[in-house]
Amino acid sequence: MTNVIELEQLSVTFGKRPILKSLNGALGGRAIGLLGPNGAGKTSLIHTLLGFHPPTSGTARIFGQDITTDAKQVRATVGYMPESDSFIAKMSCVHFVRLMAELSGIPAKHALERAHEALFFVGLGEARYRPVDSYSLGMKQLAKLAQAIVHGPKLIILDEPTNGLDPPTRSRMISLIRQIRDGGRARILLSSHLLRDVEECCDEILVLKDGRIAANCNLEEERKANRKFIELETRGERQGFVEAVGNLGCEYALSGERRMKLIMNETIEIGDLYRLAHEHAVQIRRLNFKRDSLEDIFLKAMENGNITEGANSSINNEKAVENGNGRANDGGL
Amino acid sequence: MAVYEHLYGAYEGESQSALSRFLVIPRYALRETFKSKLLTTIFILCFIYPLVATILVYLHHNANALALLQINVRELLPIDASFFLTFVQMQCAFGFILTVLVAPPLISRDMSNNALPLYLCRPLSRAEYVLGKMSVVVFLLSLVTWIPGLLIFFFQASLAGFAWLWANLWMIQAIFSGCMVWIILLSLLALAVSSLVKWRVVASGALLGLFFVPTAFGEIINELFLTRSGHLISLWATMKSIWSGLFGLFVRQTGQIRGRVTTPIYDNELVDIALLEPPLWVSWLVIALICAVCVWLLARKVRAYEVIK
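First to last, the sequence lines map onto chains A and B.
Here our numbering is used: the first residue of the first sequence is 94, the next is one more, and so on.
Here our numbering is used: the first residue of the second sequence is 21, the next is one more, and so on.
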């Protein structure tokens, strides 16, 4: 998968205050979630990528184009939905979106057609001739999404797209984002405070903390890795069972008299555990697949500082169990 | 992306050139501007004086018409530098009224609704955005100032012959540059005010205030201190000096009064005081400084997001 965004020692300073501190990394997901607490630098990173703030040092590339030297080419390939209300008053929505399409380089004759299509796509088809300032908050958010996608950008940057939306409108927004993601015609960079939004839409996350990268994980891989982590509660003399599990090639750790945690390797099935338990006269009273939710990953990133992809699955799980904040899913066995 | 499918799709058609993209801003702004009937009416009224001037030029060269109207050619205004200076001053005054109506919402409308990030996240620089907005004022004011001025000049030249044209060729530059200095000053000033004030009415009021308040204040200074230096803070008086200079009609001493003066030489004596206009270079400097301040303000205010220190 080609890299969408590459960060190369990217630093941004406002006055004497550093906002982004030597960010490094490559993001290649179909939908990248940008997470972090308030003031972590999420919006500043987006603004820097769009060329609103010049980097103090380092640079970034979007689809291989440098944000400082090829700023216009970069912006031609990007669609941006800002966080706050952004529109032109007393202009009908279709004209507003058309203007934005023309500014992006679409000829006037095609721009109107694209504006209609974009507004129908986001669900504002019936209201497209109304002035944007007469719209409700949810409709304004959808209008902002329409102007961000009207020129068919390769990367769509969404800054808090579900801010202030009621549940049905939020579901609609999430569904539109997923639809765009699944269409495969555009990559998405989604900045949000709402972990649920990011979890539903994104396959990769970048967590920022105090202007630094606190975590950069591929959520899909993270989920797959976590599926192999199992927590067992047994009854009966377990020594033989534990040794047999170890002989299967599983890493394990005992906690208390009845509980054990193990990381299964890929060749072992759950049925093998039941067979061994039967052979050693041990009852398996409970078996949980343990997986990190995005919230766990986020919280750990906030605690630990720097987590990089691929180096954290088992460590994360261990910590989640210790802290007792991991979400335990019943394996249904 | 098709309406019937309601699906997202990339755009794969042709793209506009950078110039076409740049022209999108003035095109939309002009369309919005002429939605106002008041502005359209005033815009039309701006052409009354050029029409009168054209008729005057025509009458100068048409003995039959003069005879019919029973007017002696000596009773008409002579077609010379002062004729075109008056024309430039009249049309520039109309240009100011147009600017007050057209310019204030140009940037303030985008700023009040936070639309600047939407413009600037596209392949459009801040300078292009400002120039695009400025071109609306430049275009409209050009239509009512130097374009009719030059048309009347060439009309006169066509009637008066080559000798007149050759003798007055320098006036082309005077008409064009005199109007353009005013147009650039007004458009920069109006856009700077528009970027500072988010409400259109307040922006219009501020623009009028910037024009009239310093003028009144300058006159008070002139009267109190028996000087003409107060003209330096009056945009109109400063521009009048520049226009007069461009048309070769600038006179420094515009009056003489008797007043009591106390200096190391005179001890409350009654003397003749010459009222001297500020030198021309000072007037040019004042205009250049105002333009520089406006550009600086625009550079500070026209940003996708303001960084608060």
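Keep in mind the hints are simulated off the structure, nothing from the lab.
On a predicted model such as this, the values are computed, not experimentally measured, just so you know.
The beta-carbon is built from N, C-alpha and C at its ideal position, and this holds for glycine as well.
Possibly wrong hints are sitting among the right ones.
As the list claims (entries may be wrong) - For lysine-lysine, the following DSSO-like pairs were computed, each having C-alpha atoms within a straight-line distance of at most 27 Å:
{"hint": "1", "chain 1": "B", "residue 1": "Lys321", "chain 2": "A", "residue 2": "Lys109"}
{"hint": "2", "chain 1": "B", "residue 1": "Lys260", "chain 2": "A", "residue 2": "Lys183"}
{"hint": "3", "chain 1": "A", "residue 1": "Lys165", "chain 2": "B", "residue 2": "Lys321"}
{"hint": "4", "chain 1": "B", "residue 1": "Lys218", "chain 2": "A", "residue 2": "Lys183"}
{"hint": "5", "chain 1": "A", "residue 1": "Lys183", "chain 2": "B", "residue 2": "Lys57"}
{"hint": "6", "chain 1": "B", "residue 1": "Lys57", "chain 2": "A", "residue 2": "Lys247"}
{"hint": "7", "chain 1": "B", "residue 1": "Lys55", "chain 2": "A", "residue 2": "Lys247"}
{"hint": "8", "chain 1": "B", "residue 1": "Lys57", "chain 2": "B", "residue 2": "Lys218"}
{"hint": "9", "chain 1": "B", "residue 1": "Lys55", "chain 2": "B", "residue 2": "Lys218"}
{"hint": "10", "chain 1": "A", "residue 1": "Lys233", "chain 2": "B", "residue 2": "Lys260"}
As the list claims (entries may be wrong) - Among chain B residues calculated to face chain A with C-beta under 10 Å, some are:
{"hint": "11", "residue": "Ser35"}
{"hint": "12", "residue": "Ala38"}
{"hint": "13", "residue": "Val44"}
{"hint": "14", "residue": "Tyr48"}
{"hint": "15", "residue": "Asn133"}
{"hint": "16", "residue": "Ser264"}
{"hint": "17", "residue": "Arg320"}
{"hint": "18", "residue": "Lys321"}
{"hint": "19", "residue": "Ala324"}
Comparing the hints with the structure gives:
no.: 1; hint: B:Lys321 x A:Lys109; in the structure: 21 Å, holds
no.: 2; hint: B:Lys260 x A:Lys183; in the structure: 39 Å, violated
no.: 3; hint: A:Lys165 x B:Lys321; in the structure: 21 Å, holds
no.: 4; hint: B:Lys218 x A:Lys183; in the structure: 15 Å, holds
no.: 5; hint: A:Lys183 x B:Lys57; in the structure: 16 Å, holds
no.: 6; hint: B:Lys57 x A:Lys247; in the structure: 43 Å, violated
no.: 7; hint: B:Lys55 x A:Lys247; in the structure: 36 Å, violated
no.: 8; hint: B:Lys57 x B:Lys218; in the structure: 23 Å, holds
no.: 9; hint: B:Lys55 x B:Lys218; in the structure: 21 Å, holds
no.: 10; hint: A:Lys233 x B:Lys260; in the structure: 49 Å, violated
no.: 11; hint: Ser35; in the structure: 4 Å, holds
no.: 12; hint: Ala38; in the structure: 8 Å, holds
no.: 13; hint: Val44; in the structure: 5 Å, holds
no.: 14; hint: Tyr48; in the structure: 6 Å, holds
no.: 15; hint: Asn133; in the structure: 5 Å, holds
no.: 16; hint: Ser264; in the structure: 42 Å, violated
no.: 17; hint: Arg320; in the structure: 14 Å, violated
no.: 18; hint: Lys321; in the structure: 14 Å, violated
no.: 19; hint: Ala324; in the structure: 4 Å, holds
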